[in-house]
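Listed in order, the protein sequences are those of chains A and B.
Using this note's numbering, the letters of the first sequence correspond one by one to residues 1 to 555.
Using this note's numbering, the letters of the second sequence correspond one by one to residues 1 to 444.
Keep in mind that the hints were calculated from the coordinates and are not lab data.
Nothing here was measured: the structure is a model prediction, and the numbers come from that model.
Positions of the beta carbon are idealized from the N, C-alpha and C atoms, including for glycine.
Don't take every hint at face value.
Calculated lysine-lysine pairs in the BS3-like style (CA-CA distance at most 27 angstroms, straight line) [said to hold, decoys possible]:
#1 B:Lys435 / A:Lys128
#2 A:Lys129 / B:Lys366
#3 A:Lys129 / B:Lys264
#4 B:Lys366 / A:Lys128
To give an idea of the interface, some chain A residues facing chain B are shown, with a C-beta separation under 7 angstroms as derived from the structure [claimed, not checked]:
#5 Gly44
#6 Leu49
#7 Met60
#8 Ala87
#9 Gly123
#10 Arg172
#11 Ala174
#12 Val176
#13 Val180
#14 Gly240
#15 Phe306
#16 Glu396
#17 Ala473
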Amino acid sequence: MATITLDGRQVETREGENLLLVALEQGVYIPHLCFHPALSAPAGCRLCLVEVKGAAGWEMVTSCDTRIVDGMVVNTEGERVAQARAAVLEFALLNHPLDCPVCDKAGECELQEHVHVHGCAVGRFDEKKLTQPKKVLGKGVLLHAERCIGCTRCVRFCDEIAGTSELGIFARGARVEVGVFPGVELGNDLAGNVVDLCPVGALTDGELAVAPPAWKLKGIDSICPGCSAGCNVRVDVQRGRIFRLRPRVNLDVNRYWMCDDGRYGWRYVHAERRLGTPRCGRGTAERSVSWDEAIGAASQRLVQQFGPESIAVICSGFQTNEEGFLLARLATDLWRTQQLALWSRNDGRGDVKFTDGFTLRGDRSPNTRGLREVGAGLGLELLPSEFIWSKIERGEIRAVLLLGGGGEVELEERVRRVLEHLEWLVVVDILDSELTRLADVVLPGVSAFEKEGSFTNVDGRVQWVRRAIPPLAGALPDWQILQKLGEEGGGEWHYKSPLEINAEIEQLLGGRYAGTGDGGREPGSGSGQAYGGGWADWLQRCGFFGVGDHTKSSH
Amino acid sequence: MPECRLLLRDIDIPDIERIEAYLACGGYRAFGKALAAGEPEQVMAEVKAAGLQNRGGEWYPLAERWAPHLAEGVHYLCVDASEGEPGIYRDRKLIERHPHQIVEGIILAAYALRARVVYVYIREEMHRGRVLLERAVAEAGARGFLGGNILGSGFALDIHLHSGAGGYIPREPTALLRSLEGHRAEPRQGDGGLTLFGRPALVENVGTLAYLPHIVDRGAVWFREMGSERYPGTCVFCVSGHVRRPGLYELEIGGGTLRELIQKFAGGVRAGHELKGVIPGGISSPVLRPEELDVRLSPEEWAVPGGGDFPGAFGGGGVIVMDDTTCMVDTALNLARFYARESCGQCPACGAGTHWLQKVLERVEKGEGRREDLELLGSVSGQIAPLLEPSRTTLCSLGEEFAWSLLGLLRSFGEEFERHVVEGRCPIEKDRRIKVPETVSVRF
Chain A
1 MATITLDGRQ
11 VETREGENLL
21 LVALEQGVYI
31 PHLCFHPALS
41 APAGCRLCLV
51 EVKGAAGWEM
61 VTSCDTRIVD
71 GMVVNTEGER
81 VAQARAAVLE
91 FALLNHPLDC
101 PVCDKAGECE
111 LQEHVHVHGC
121 AVGRFDEKKL
131 TQPKKVLGKG
141 VLLHAERCIG
151 CTRCVRFCDE
161 IAGTSELGIF
171 ARGARVEVGV
181 FPGVELGNDL
191 AGNVVDLCPV
201 GALTDGELAV
211 APPAWKLKGI
221 DSICPGCSAG
231 CNVRVDVQRG
241 RIFRLRPRVN
251 LDVNRYWMCD
261 DGRYGWRYVH
271 AERRLGTPRC
281 GRGTAERSVS
291 WDEAIGAASQ
301 RLVQQFGPES
311 IAVICSGFQT
321 NEEGFLLARL
331 ATDLWRTQQL
341 ALWSRNDGRG
351 DVKFTDGFTL
361 RGDRSPNTRG
371 LREVGAGLGL
381 ELLPSEFIWS
391 KIERGEIRAV
401 LLLGGGGEVE
411 LEERVRRVLE
421 HLEWLVVVDI
431 LDSELTRLAD
441 VVLPGVSAFE
451 KEGSFTNVDG
461 RVQWVRRAIP
471 PLAGALPDWQ
481 ILQKLGEEGG
491 GEWHYKSPLE
501 INAEIEQLLG
511 GRYAGTGDGG
521 REPGSGSGQA
531 YGGGWADWLQ
541 RCGFFGVGDH
551 TKSSH
Chain B
1 MPECRLLLRD
11 IDIPDIERIE
21 AYLACGGYRA
31 FGKALAAGEP
41 EQVMAEVKAA
51 GLQNRGGEWY
61 PLAERWAPHL
71 AEGVHYLCVD
81 ASEGEPGIYR
91 DRKLIERHPH
101 QIVEGIILAA
111 YALRARVVYV
121 YIREEMHRGR
131 VLLERAVAEA
141 GARGFLGGNI
151 LGSGFALDIH
161 LHSGAGGYIP
171 REPTALLRSL
181 EGHRAEPRQG
191 DGGLTLFGRP
201 ALVENVGTLA
211 YLPHIVDRGA
221 VWFREMGSER
231 YPGTCVFCVS
241 GHVRRPGLYE
251 LEIGGGTLRE
261 LIQKFAGGVR
271 AGHELKGVIP
281 GGISSPVLRP
291 EELDVRLSPE
301 EWAVPGGGDF
311 PGAFGGGGVI
321 VMDDTTCMVD
331 TALNLARFYA
341 RESCGQCPAC
351 GAGTHWLQKV
361 LERVEKGEGR
371 REDLELLGSV
381 SGQIAPLLEP
391 SRTTLCSLGE
401 EFAWSLLGLL
411 RSFGEEFERH
421 VVEGRCPIEK
431 DRRIKVPETV
441 SVRF
């Protein structure tokens, strides 16, 4: 233990801790640009200077690379500190184009924020600013070199986290800029994180160039459905549209990062081919029908025409635990079949592990483990899809309810033949595809961004998924569809929300599943700190002035 | 006060760059003695007793800096031969003219520190020096002074030469080490920076190590007879600029004054001209006016040279003398260009600050300055660093040094800056041509 005096206040902490982090934890905000808690500290931006009492009086030190020593006396607010901050910010702004009105980072720019609080309103630099053209670094990441303040967060990220080292610092003096080495492009699977890391608008996401400004986006804390890792994300939306996904800090799951597959993998949600009405009939006989008619038709044939032995239910791993619960009960209690299978997405490349341990999971379905566990709780073992396919081929299974929900589907030749073989196929999915065209009844479902429930990640961590946007008009979340099918089959369920189903899962499984529905926060989604725009969101949560506040006050 | 040549003692001997001539002058005798004694600690003890201080401009006692490495030894000894400050050319001449003295110094240091590998980080611009030093290393190797099991003692050492990629910043040890590793030459903060390939490394200035053969050969007591109590020995001054005899002058520390160095040794300014200003200790030290030159040539007396209220820095012994054909705004601009170009750009205060000052100075020199520019220059420099008071807005001292030298120029020649603004032109009849000296101090 160590006791330090922080701005006149006694603070208990541990010897050797990072001074800047300790101050932040204590709610003392020391501005900083190059520092990031997951990266090495080069102490290059000089913005986090504070005064520490030494043998020869007060000494200026960079707090980002100062370790706590017992008895340390720290002053973060003195006049000398204020002067140093103002000076550093004036220099950082020197060649920085003040194009904030057209900059993608405006509203969540750390430099903008720091200058607003610690800087000087009027610049004294009267010379021509250095300008540089915009460049593409790779994977849609644009470099506006003139905005770059040389903090090297992105360079260190590629060195220390991704381990791919595509980026470097080029030129010297006032002309330093980030760049890729000749013949290389920024192409690693974590590259999108450099846009979040950039404290200014030097690295931007080309696809976000036409998105609304940051202060018009609403962030919803949720879980990425891109793979079984369960990265904690914030979904930024406006008027029912998703604009971007950014990682939230969860040191136990994804730390500060997310992969590009997850970051950019949501676009199917707004695809033209989204299904908005239930359909019956194949080929030329296909017609749009009402929900009641579709549910009636689907259920009736499944239950009445085919016996329990010849029907199967197949889920995709994109169902929540709550949906899995209904699905299992539908199969066992009402349809009297044990033939529940999981047709999971797996692109065959296996887990991809990066230098700092961040892992992109080979199982691209977000809830494989949860569905297995919920199924097991109800006495059902999830069968491999292969088992069902061969039974269909042998004519033993003749009717199938298949739930998709995970974006684009490409059918393998064999699977297509197998499905064609079926006498009755009911598909719940979100995109018009080869699969839905094989179906006798198509029920439009929703993506993971349009529903609530919990996912269990590959490590068994149960995390609550929040609804980021309302379901597409005409489509329904799987749990509602399953409830309709269940009630059609004679079940008396009447669940009003996934929370109610969650409560039953909690009773059934307890343990890790206890309390998951509690406001969508514990225990799944960690601290809830958001990354992106640096620590700005974190500050908001701590009750500090945040990104939005200053920008919003001008609107 | 006569010159007191130690490092320069043999520099004018023909062929001293070859090992035969060096051996004939007693070369490698010190190393032989050290090996015969068989105790690396004895070399350390001698250096400590001699009170040898770094001559690269920092003036720290070598023994103190080396002490933490004594228990374990140090794996890498890195020798800083990347001297690149305007007005300082001592190491270059020592390497080009007297490379074996350097090689012997390096071997002695490596022996004392029990280093396994030596890297000499040499500025590629000193290409001639590199070629000569490489030959000297090869000659020393052929005589058995390098390699495995040196002269049967069991001591093994290799010296590698590494050419820098150009730049002033590797004079910071941490930047030099990064450059040696193949990274950008950027200074690092804290002790973590003083490693090479993950192992502890020691960086020492090449001109400092050149003293070791003399100290080991003739003893600490003899060495202490020269110089002052706190700063024993000699210092090699590089006098350049508008003097009649520029060159290297080796004087006892504290043995004379700056005025004597310029007038007596360097011959004063050219006939028909008047002394205008002197940048006394490397370009980071604030400029002195002609009436401020009566300061003894010893670091301890340079806190306020000339007895005024003017802070000074002894630096690395570079003395730039300017006569009345020099425009001080032009001088400031020249320095600004140097620092703006050489800044690594990590810290905004140095990277952007020097660029800003350069732009303002360009305007003032062209006669397009405004009255508030003078205040701006002072204010911006003060923001980078108040005069000789590290403000820590920069990681290393490069940015601060320019702030100091500009503040010095503004303080001593502020009225000349003002005339530029008021008259709307440069009021000085500048003569920027390279002046061919009448003669030089050592053979070139």
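Outcome of the hint check:
no., hint, result
1, B:Lys435 / A:Lys128, "36 angstroms, violated"
2, A:Lys129 / B:Lys366, "19 angstroms, holds"
3, A:Lys129 / B:Lys264, "48 angstroms, violated"
4, B:Lys366 / A:Lys128, "16 angstroms, holds"
5, Gly44, "4 angstroms, holds"
6, Leu49, "6 angstroms, holds"
7, Met60, "4 angstroms, holds"
8, Ala87, "4 angstroms, holds"
9, Gly123, "11 angstroms, violated"
10, Arg172, "5 angstroms, holds"
11, Ala174, "4 angstroms, holds"
12, Val176, "3 angstroms, holds"
13, Val180, "15 angstroms, violated"
14, Gly240, "42 angstroms, violated"
15, Phe306, "68 angstroms, violated"
16, Glu396, "64 angstroms, violated"
17, Ala473, "51 angstroms, violated"
Comparing the model with each numbered hint stated earlier shows that hints 1, 3, 9, 13, 14, 15, 16, 17 do not hold.
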